[in-house]
Amino acid sequence: MTGVLPILLGRATKVSRVLTRMDKEYVGVLYLHGDFEEDALREVVREFTGPIYQRPPVKSAVARELRVRRVKELEVLEVEGRYALIRAVVEAGTYIRKLFYDIGEVLGVGGSMRELRRVRSGGIQERECVTLQDLVMAFSKLEENDESEVRRVVRPVEEGLKQVPQIVIKDTAVAAVTYGAALKAPGVVAISPDIERGSLVAIFTLKGELVALGRARLSSDGIREAERGVVADLERVVMERDLYPREWGRRGSSEEGLDPGRDLYLWPWVDSRLWSRGALARKGAGLESPWPSRAAWVQIPPPAPPQLNMRRTPAPEGGVKWPPRSSGRSSGWPTLL
Amino acid sequence: MRRWREDLVVLKEAEPGPHGYSPEERPLSLYLSYGLIPLDKPSGPTSHQVTRWVRRITGFPGRIGHCGTLEAEGRSRGDWSPPDTAGEGD
Numbered sequence: 001m002t003g004v005l006p007i008l009l010g011r012a013t014k015v016s017r018v019l020t021r022m023d024k025e026y027v028g029v030l031y032l033h034g035d036f037e038e039d040a041l042r043e044v045v046r047e048f049t050g051p052i053y054q055r056p057p058v059k060s061a062v063a064r065e066l067r068v069r070r071v072k073e074l075e076v077l078e079v080e081g082r083y084a085l086i087r088a089v090v091e092a093g094t095y096i097r098k099l100f101y102d103i104g105e106v107l108g109v110g111g112s113m114r115e116l117r118r119v120r121s122g123g124i125q126e127r128e129c130v131t132l133q134d135l136v137m138a139f140s141k142l143e144e145n146d147e148s149e150v151r152r153v154v155r156p157v158e159e160g161l162k163q164v165p166q167i168v169i170k171d172t173a174v175a176a177v178t179y180g181a182a183l184k185a186p187g188v189v190a191i192s193p194d195i196e197r198g199s200l201v202a203i204f205t206l207k208g209e210l211v212a213l214g215r216a217r218l219s220s221d222g223i224r225e226a227e228r229g230v231v232a233d234l235e236r237v238v239m240e241r242d243l244y245p246r247e248w249g250r251r252g253s254s255e256e257g258l259d260p261g262r263d264l265y266l267w268p269w270v271d272s273r274l275w276s277r278g279a280l281a282r283k284g285a286g287l288e289s290p291w292p293s294r295a296a297w298v299q300i301p302p303p304a305p306p307q308l309n310m311r312r313t314p315a316p317e318g319g320v321k322w323p324p325r326s327s328g329r330s331s332g333w334p335t336l337l
Numbered sequence: 001m002r003r004w005r006e007d008l009v010v011l012k013e014a015e016p017g018p019h020g021y022s023p024e025e026r027p028l029s030l031y032l033s034y035g036l037i038p039l040d041k042p043s044g045p046t047s048h049q050v051t052r053w054v055r056r057i058t059g060f061p062g063r064i065g066h067c068g069t070l071e072a073e074g075r076s077r078g079d080w081s082p083p084d085t086a087g088e089g090d
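Going down the list, the sequences are from chains E and S. At position 5 of the first sequence (counting the first as 1) the number is 5 in the numbering used here, and the numbers step up by one without a gap. At position 65 of the second sequence (counting the first as 1) the number is 65 in the numbering used here, and the numbers step up by one without a gap.
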């Protein structure tokens, strides 16, 4: 079996379930174990178009229960002797070997699959594919600092999602989504017209980066009219956090003065400071929300000095210094604690 | 605005800000970790074996996965012969 096998790297693996469930297109050789009329074969093939029952074969990775799969297109391309070349567009999870075997049975002579090539997986066509040799060549050029070949053989994961309904969101909404917030109407900039209630949607930035996969709560028309409220719940966040600055909770901030964490986008730095001071044993530990509110993290007291020396190692001369002195490097940032 | 699909309906005007990267212009490490390899699987090895080879070729340290398993062998039994000679003996 040869043909299109999409391989996902790193964070892109989060969309694998979506790509796996897309339709596949195959071209295969069916060998029939007896002589047959070509018209009879075409008739049988017509019968197998549409929903069919299939029990997964003995050698398969899923439970062997009778299940329904939709054969969207099925046509005989060529017949030569007892061999038939067949093209099939099927729903994910259809076993082509089984389908061909069943066609042979219904034809009355029995048959088996001899060759199979997947020519399309979702939106990925055979002609876009690269071979293992291409991969080796491209990655060996990396040693000469030539990235262009690698960028040709590896594609952005967004290209595989062109068939999925899409929502484009504002830059200010991106961080909230990457932190797990459901997508709300004010953040939506553009939508594709094929969104239905409950359908899977891919959420993109204005630059075209995939942010997350979501489940639409409204149809395209509903989203167009919505002015507030949740538009889509999240299924999988793909983009990493902190590529876009956090913009939530901006309203009413002016009278409280400058907030370095929010206004200067210093959150990673603030977190690391809190962490090094032991104020956050785990992110957000001891706080009611997973993220410390501005008021909370300014008031977190430094941890109490250790009282008991449980290990019985001699205490250092002059007692325990607490809090420990920083390394002396001045970061130039204001001290928070 | 970057359009992955022609049929996008724009609801409000917005311009991309300074943050993030357009997918093709990500720095290489980021580009790879949002990468999809449209591989043409050869006949013989299983999909999982091919995925392991890709890991070795790319040297990519993170997760790697394939979607949609393809059977290993193109030729199921030993009795396959090209169409012009087949069907005569049986």
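A few of these clues could be false.
[To be verified] Here are the simulated SDA-like pairs of lysine to any residue, each with C-alpha atoms no more than 25 Å apart in a straight line: (1) E:Lys141 <-> S:His19; (2) E:Lys184 <-> E:Lys141; (3) E:Lys162 <-> S:His19; (4) E:Lys162 <-> S:Arg5.
No lab work stands behind these hints: they were computed from the structure.
Here is how each hint holds up against the structure:
1. E:Lys141 <-> S:His19: violated, 30 Å
2. E:Lys184 <-> E:Lys141: The given pair, whose Cα atoms are some 45 Å apart, is violated under the 25 Å limit.
3. E:Lys162 <-> S:His19: holds, 23 Å
4. E:Lys162 <-> S:Arg5: Roughly 6 Å between the alpha carbons, so the hint for lysine 162 of chain E and arginine 5 of chain S holds.
Consistency note: the structure conflicts with the earlier hints numbered 1, 2.
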